[in-house]
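Enquirer: The chain contents come next:
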Amino acid sequence: MKTLFSRSFIATIVALALLPLVLVNDFLIDVSIRVMLTAIAVIGLNILMGFAGQVSIGHAAFVAAGAYGSAILATHLNINPIISILVAAVGVAIFAWVIAKPILKLKGHSLTMATLGLGIIVNMILINEVNWTGGPDGMPVPPVRIGDFAVIRPLHWYWVAASTLIVSMWLSLNLFDSPAGRALRGLNGSEMAARVMGVDVGSFKTRAFVVSAVFATISGSLTAHYLAFVSPVMASFTHSVELATMVVLGGMASTYGALVGTALLTTLPQLLGGFEDFEMMFFGFILMVTMMFLPMGLVPSIARIIERRRAR
Amino acid sequence: MSDFAQFVFSGLTTGSIYALVALGFILIYNASGVINFAQGDFLMLSGMICAALLGARFPFLLAIIVAVLLTVVSGLVLYRLAIKPAGDTTVVSLIIITIGASIFIQGAVQVVLGKNQHTLPSFSGHKSIEILGAYVLPQSLWVLGVGIVIVALFGAFFKLTLTGKAMLAVAANKLAAQAVGIPVHRILLLSFGMSALLGGVAGVVSAPITTTVYDIGLMLGMKGFVAATLGGLGSGVGAIVGGLLVGLFEALVAGYISSAYKDAMPFVLIIVILLVMPEGLFGKKQSDRV
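Protein chains in written order, with our numbering: chain E, 1 to 312; chain V, 313 to 602.
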C-alpha cells in the first residue's frame, strides 16, 4: 500500500487532474486520451517484458481481442458496452491462461517468435471472418452508455481514461514491490536461480502473461468505444512493435517509464507532420539505439542521475 | 493423385526457400548465439533491390549481382554497427536490437523503394514442365537447385577450409577460440556476411515465385525460424529437412483444408513440436547454465 502515498504517484494524479486546464482545444484532449488509453496496454506489456523479461512482439493481438470482443458483443448481441468490456476482459484472461502454458514453455527468441505468430494469427482471423468483424474495413462500435447518458464528449472520455490509467499504474506499482513482483524480477535475472530459490517460475510467468493480456484488453476495448470504430490495423505487427518500443524507450520494469515512453512516441509523430512514411524507420531506429546506448531506458537512467547528484 | 503431386511440388519449392532462411538463421546462431530477426529481411532486400535495378534498365545478371552484394553489405553493417557495439549484453537486448534492425530495414525499403509489390522475371521461361501429372514451374527447379548447391558449398566450407573450422570453434566456445588465436570478431563478422549472402541469393531466386514487397521478410523469417527450430536449431541438415517439412505441411493444408489460414499453420506446428520434442528433429539435449 506504500505506493499509494509515494510522492511520484501523487504528483502523477495531480498532474492528470490539472491537465485539462491546459488542454485548450479538442485536439489536445484527443491526443492525451489516446496517450492514456495506450499507456494502459504499455503498462501491462511492461509487466511481461520489463518485470518478467519475456519479449513479446504480438501484444497488439490482445489489444485487438479486447477491442473486437467488446465491439462484437455490443453490436451483434446488443450487450451494454460496460458489461461487454468486462466480458471481453474475462474472456481474454481465460484465453491467455489457456495458451500461456504451451507458449511460456518457450524461452528467449522462441517465445518472441511465438508471440509474433500469435499476433499474425489474430490479425488473419480479424481480416477473414468478415461476418463478425467486418473484415479489412473494420466495424463501427456503439458508445458506452450509463442509463440514458452516453459517454461521447471528449472531456468525459478524458476522465474515464485518466481514472483507468491511475488504477492501472497503482496496480503495476504495487505489483513491482510485492513478493510476486520480486519473484518476477528474479526470474528475469536468471530463471534457473529463481527456481533454485523456490520460485514457482511457471506459475509466476503465467500470471504475468494473463495480467498483461488483461491490461491490453481493457486498453483495446476502451479505445474501440472511444474511437467508435475498430479495424484490423489494431492487431498489426506495426502496432505490436510500437507498444514494445514504448516499453523499451521509457525503461523496462519502470511503470512511469511506460507512461513516458507512450507519451513521447504518441506525441512525437503528431508534432512532426507528414511523418507517416518514416514511422517504421523511426521505431526501428529508436529500438536499436535505446538498447545499445541506454539499455535501462529513459526514466530509470534519469532517476539514477538524480540519485547520484543527491548522494554527493 | 495429380492434385497430391502438385501440392507436394509446390510444398517442396516454398519449403526449400524456408530451408535457405533457416540455414541463414543457424549460421549466425551457431557462431554468435544471436537469433537474427532481420534474416527474412535479407531476402526481401535483395529481391526489392533487384526489382528496382531492373526497373532502371540494368541487365538481369548485373542487377542480381549488385542486389546480392548490397545485401551482404547490409549484413556486415548490421554486425559492425549494431551487434558488435552491444558487446556481451543480455539475450533480451540482442533480440530487441535485431527486431529494431528488421523494422528499420523494412521502413527504409518502404521509403526508398515504395510499398508496391514487385516480381522478378523467371530465370528460364514460364513454360511449366509436367512431372507425375503435376505442373512444375522451371523457377521451382532453380530454387531447389540453388538450394542444393548452397548446402554443398557450405558443407565444404565447414569441412575443408581453416576459416570454416575456426567458425565452428567460435561456435563451440568463444573464449577458448580466442585463446588459441582465432580472431573472434572477424569470424562473427564473416558469419553475418555469409548469412546475408545466403539470404541475398535466396531472395533473388525465390522472388519470381513469391513476389516481393517491403514486409514479406516478416513471414519468410518466421517460417524459416519454425523450420530451424523443427530441425533442432543448430543443425544444418535439420534446417533443410525442417524447411522442406514446413513447406510440405503448409502446401497440403492450403490444398486440402483452408488456403485462408495456411499461413497460420507453421505457428500451430511450432508450438506442438516444442511441446512434444523440445530439441527438434536433429537437436541435442541442452541444459541451462546458471
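If you're looking for bench data, these hints aren't it; they were derived computationally from the structure. Worth double-checking, as some hints may not be accurate.
Within a straight-line C-alpha distance of at most 20 Å, the following computed DMTMM-like cross-link-like pairs (lysine to aspartate or glutamate) qualify [as the list claims (entries may be wrong)]:
hint, chain 1, residue 1, chain 2, residue 2
1, E, K105, V, D400
2, E, K105, E, E191
3, V, K574, V, D527
4, V, K427, E, E191
5, E, K101, E, D26
6, E, K105, E, D26
7, V, K574, V, D315
8, E, K107, V, D315
9, V, K427, E, D177
10, E, K101, V, D400
Enquirer: All hints are to be evaluated individually against the structure, with a verdict given for each.
Expert: Each hint, compared with the structure:
1. E/K105 to V/D400: 25 Å, violated
2. E/K105 to E/E191: 12 Å, holds
3. V/K574 to V/D527: Given pair V/K574, V/D527 holds - Cα atoms ~18 Å apart, limit 20 Å.
4. V/K427 to E/E191: 42 Å, violated
5. E/K101 to E/D26: Violated, at roughly 44 Å.
6. E/K105 to E/D26: 46 Å, violated
7. V/K574 to V/D315: 17 Å, holds
8. E/K107 to V/D315: Violated - the C-alpha atoms of V/D315 and E/K107 are around 39 Å apart, more than 20 Å.
9. V/K427 to E/D177: The given pair, whose Cα atoms are some 46 Å apart, is violated under the 20 Å limit.
10. E/K101 to V/D400: The hint is violated at about 31 Å.
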